[in-house]
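K.L.:
Turn these sequences into a full structure, and let the hints guide you.
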Amino acid sequence: MANDNEKLDVPATDKPVVVDRPSFLKDVRNGLLHALKVVWQVPEARGMIATLLVRFGVPASIAAIGMAVGEKLAQ
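If you use numbering that gives the first Met the number 0, the sequence shown closes out at 74, no skipped numbers anywhere.
No lab work stands behind these hints, which were simulated from the structure alone. A few of these clues could be false.
Label-pair distances were calculated between CB atoms; the ranges are [to be verified]:
id, residue 1, residue 2, range
1, Gly30, Gly69, 17 to 23 Å
2, Thr50, Asp19, 38 to 44 Å
3, Ile64, Gln40, 17 to 23 Å
Derived pair list, reagent style SDA-like, types lysine to any residue, alpha-carbon separation capped at 20 Å [to be verified]:
id, residue 1, residue 2
4, Lys71, Gln40
5, Lys71, Ala34
6, Lys71, Ile48
7, Lys71, Glu43
8, Lys36, Gly46
9, Lys36, Leu24
10, Lys71, Ala49
11, Lys71, Val41
12, Lys36, Lys71
13, Lys36, Leu51
14, Lys36, Ala63
15, Lys71, Ile61
16, Lys71, His33
17, Lys71, Trp39
18, Lys36, Ile64
19, Lys36, Ala49
20, Lys71, Leu32
21, Lys71, Leu52
22, Lys71, Val37
23, Lys36, Leu72
Treat the numbers as computed from the prediction; the structure is a model and nothing was measured. Virtual Cβ for every residue (Gly too), placed ideally from N, Cα, C.
P.N.:
Shown next as structure tokens:
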């Protein structure tokens, strides 16, 4: 009995075609990252972000480390 490729008369070397579809979630993520990068440039906004993190229950030391890492990544 012939294998599936011989039945369909398709060479075994054909690769499937991958269709590149736009992703809504990737667009949202990229938009949020862009907005964060723009807001990060304003020192007052960085202070407000740190204040909000502490008010939401994040320990101040963790918030300070996160802010320092954010500054290094933004450069």
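K.L.:
Which of the listed hints are broken here?
P.N.:
Failing hints: none at all.
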